Amino acid sequence: MSQSTLLKVDNLAFERDDSCLFENINLSLNSGEILQIEGANGSGKTTLLRLLTTALQPSAGGILYKGVALSQCRYQYLSNMLYIGHQPAVKLTLTAEENLRWMVASSAKINQLSIDEALDGVGLSGYSDIPCYALSAGQHRRVALARLLISEAELWYLDEPFTAIDKQGVSFLEARLQEHLHRGGAVLLSSHQDLAIDNLRKYSLSSQAGQTQ
Amino acid sequence: MAQSINSGFTPWLKRDLLLAYRRRGEVASPLVFFVMVSTLIPLGLTPESAQLAEIAAGMIWVMALLATLLSVDGLFASDYQDGSLEQLLISPQLLPMPLLGKITAHWLTTGLPLTLVSPLLGLMLSLPAAGYLPMLCSLALGTACLSLTGAVGAALTVSLRKGGLLLSLLVMPMYMPVIIFGSATISYAIDGLNWLPPLAILGALFAASVALCPLAAAGALRITSAN
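These protein sequence lines map, in sequence, to chains B and R.
Numbering-wise (the working numbering), the first sequence opens with residue 3 and increments by one.
Numbering-wise (the working numbering), the second sequence opens with residue 1432 and increments by one.
Treat the hints as calculated values from the structure; they're not laboratory data.
Here the structure is a predicted model, which is why all the values come from computation and not from measurement.
We put the beta carbon where it would ideally sit given N, CA and C, even for glycine.
Careful, some of the hints might be misleading.
What the simulated footprint calls covered on chain R by chain B, stretch by stretch (three residues with Cβ under 8 Å from a Cβ of chain B suffice, anywhere in the stretch; the number is not a length) [as the list claims (entries may be wrong)]:
1. 1448-1454
2. 1514-1527
Calculated lysine to aspartate or glutamate pairs in the EDC-like style (CA-CA distance at most 20 Å, straight line) [said to hold, decoys possible]:
3. B:K204 to B:E25
4. R:K1445 to B:E99
5. R:K1445 to B:E25
When you get a sec, could you build the whole thing from the sequences and use the hints?
Here it is, written out as structure tokens:
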């Protein structure tokens, strides 16, 4: 496995309403690596992830993808990135299958796995025709996580992916993340859980000068 | 860039149409409003067909505008709340095309049905026979303009919790040329004048809106999502 640096974050800072949420964020992510962002509630984990997805603009600092500034390779970067946010982006009036089909339609890098196989994979077989308002919060999360089975993107950004997921779901997700790392992908996730995954590094946002351990 | 310009238009159009189909009752409410108010006017004002005929063109357009304004508010609201708007913003596609798909779906579910039931209202408001074809043409073009410009306002106010009033204030000035030339198209035809010039101006407004509004809405969404 080649250890190439996929993502490098350089002195990133973010201000909101003239108050600094965080500054001097430096981190790097190699292929095959998983980085867990830790921090108290309100320390800016979601904001950091949203900065990395380009949904937010940093007030200072830069993000490099494979050594190139994001402004130079925006299309390549976004096609190689998958983000699952706090809200699972599940439409309640659509069925699980329709939701997943639409989510996949807008992502660039996907594999041959069918929608049904992916839903089976996350334990939603038999639920594919049911409107999502009849499903539980954990099942909504599973619909969103089914994207991980189909995605071929290198970089995965997961914001609290274990929310509302049961034990069996957690171990499934850990296995899937491990598999992604073995294929040379990289994961950056925010979570308060202790994960059973190799190559795990942690990054703490709680202290101002948080350093990669 | 290896992406086609069309990418994103069709999936979002299909999705929004499917969503609209799933909540038909909600989607039909502007239409019901349009029909209901139109039946009240003869009751409240006068049943005299001569007097009604005079105000019919203006009335139909005012109500079409209000009915559109009612529905444009929700164009991005649910996508913003459940996170799908964020997914759209970070997708590698060009943003204006998916937005144009959403706006097209909005027009197909509000403006088009409104245009199609308008002859019924013309009948209730004693619209002279010469006014029907101009009414259909002007409403079809004009409601498309309303959906397009309304989308810019909806994009600007999506992150505000109570954006409804602000949205009306924002888009109302942009709606004025549409209502002026829309009702002019009908009243010119009733007065026996050539009604094609005002319709042509509506067409020009529509062409400008199609070209500019998706871009403006995309810019507005980028600004609002960054806060």
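* What are the numbers of the hints that this structure violates, sorted from low to high? -> 5
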